[in-house]
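2 protein chains.
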Amino acid sequence: MSIRVVLATRNAHKVIELRRILEEAGLDIELVGTDEYPDLPDVAETGSTFAANALLKAREVCEFTGLPAIADDSGLAVDALNGMPGIFSARWSGAHGNDRANLELVLGQLTDVAPNRRGGAFHCAAAIALPDGDARVVEGTVEGTIIDAPRGSNGFGYDPIFVPLGGNLTLAEIAPAEKDAMSHRGNAMRALVPVLKELLRP
Amino acid sequence: MSIRVVLATRNAHKVIELRRILEEAGLDIELVGTDEYPDLPDVAETGSTFAANALLKAREVCEFTGLPAIADDSGLAVDALNGMPGIFSARWSGAHGNDRANLELVLGQLTDVAPNRRGGAFHCAAAIALPDGDARVVEGTVEGTIIDAPRGSNGFGYDPIFVPLGGNLTLAEIAPAEKDAMSHRGNAMRALVPVLKELLRP
Chain A
1 MSIRVVLATR NAHKVIELRR ILEEAGLDIE LVGTDEYPDL PDVAETGSTF AANALLKARE
61 VCEFTGLPAI ADDSGLAVDA LNGMPGIFSA RWSGAHGNDR ANLELVLGQL TDVAPNRRGG
121 AFHCAAAIAL PDGDARVVEG TVEGTIIDAP RGSNGFGYDP IFVPLGGNLT LAEIAPAEKD
181 AMSHRGNAMR ALVPVLKELL RP
Chain B
1 MSIRVVLATR NAHKVIELRR ILEEAGLDIE LVGTDEYPDL PDVAETGSTF AANALLKARE
61 VCEFTGLPAI ADDSGLAVDA LNGMPGIFSA RWSGAHGNDR ANLELVLGQL TDVAPNRRGG
121 AFHCAAAIAL PDGDARVVEG TVEGTIIDAP RGSNGFGYDP IFVPLGGNLT LAEIAPAEKD
181 AMSHRGNAMR ALVPVLKELL RP
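Protein sequence lines correspond, in order, to chains A and B. Per this note's numbering, the very first residue in the first sequence carries number 1; after that it's consecutive. Per this note's numbering, the very first residue in the second sequence carries number 1; after that it's consecutive.
For the record, the hints were derived by calculation from the structure and aren't laboratory data. Note that the coordinates shown come from a computational prediction; the quantities given were computed from them, not determined experimentally. Not one of these hints is a red herring.
Now the stretches of chain A that chain B is said to cover, found in silico as 3 or more residues with beta-carbon under 8 Å: (1) 43–56; (2) 75–85; (3) 93–104; (4) 109–120.
DEER-style ranges, computed between Cβ atoms: (5) A:Arg-10 - B:His-13: 51 to 59 Å; (6) A:Ala-181 - B:Gly-108: 32 to 40 Å; (7) A:Gly-119 - B:Glu-104: 24 to 32 Å; (8) A:Leu-40 - B:Ala-101: 30 to 38 Å.
We put the beta carbon where it would ideally sit given N, CA and C, even for glycine.
Extracted from the complex, chain A is given alone in its bound form (with noise of 0.2 Å):
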């Protein structure tokens, strides 16, 4: 019989992503976002790294749910902003989830910082909380420059300025399907099928 988790998001795309990991990695487990838990309340991100707010996500929704609870929290360490938007990401322009006001923001921010200053990574940390209070975060991440200008429409958040290492494309003119098996997420979440294996064996 199959496990059954829950992945803190209400976004189907990184459902799908997830059970494909899991998938391939021969995880017997049976994923759902939260979306089928409409009650579920807003989670405060009050920690001050992308660890502390995956764990209190994943925390949080295992308390809600019962199940075991995967969460991610993912944002942008750009060096000339001595790693910040950071933990900030999605709010960096004051506005919670404004990706194009985030997005110019930095752009402008970085308007005089040379070509050979503007490197950045995208982190991502993962967590998994189980019932019985156990849990654990991983993380992965994927190192880049920051461009001038925005380019491609794939993608969300800053992924239309961020080309990384080795690349001439922005992670927003990769294929979805490419950007998963190389993006800080998708390490992640790959860094986490171990522990899945070590924490819900049967």
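Given chain A, put chain B in place with the hints provided.
Below, chain B without anything else, positioned relative to chain A:
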């Protein structure tokens, strides 16, 4: 005969403040602002630290005027923003010099940051460059807390949201003379006095 020195600012208040500090230290310096040099080109602040930018400005003004030149660069370093806005303080919101937008952006970014994690510091680097190529830089700071709504109408920049340690008033609620006596800029300028005494000895 007094030595003529240029302060790299068009702000009359800054010239008056430094004149008072120099007089109190018994230095016989004739201090002028750059409004006496209307053709002075704008200096690009391309350094990655306050000290580098202050040195850049002092060197360029010294070269242009042929006189010893003093310049400063300053900004607000917020702990929860990994020390940013830092050198980008004057253009944090993207546009340069919009005090209100910059301040509101920091407040927005810190919305969910708890009171005990809202520490920060104003930093100022003050540099002097001499026609013979010698140059020095010193720093001054004032530590404090970022509050959650602006208070006071004195000062400029982030003053209305910054309460120095040990007090209850923002830098925009303190009288200008009192602010000069304890501010990052006042501290940096006072730290410059022994350097000036050494370098400008007749």
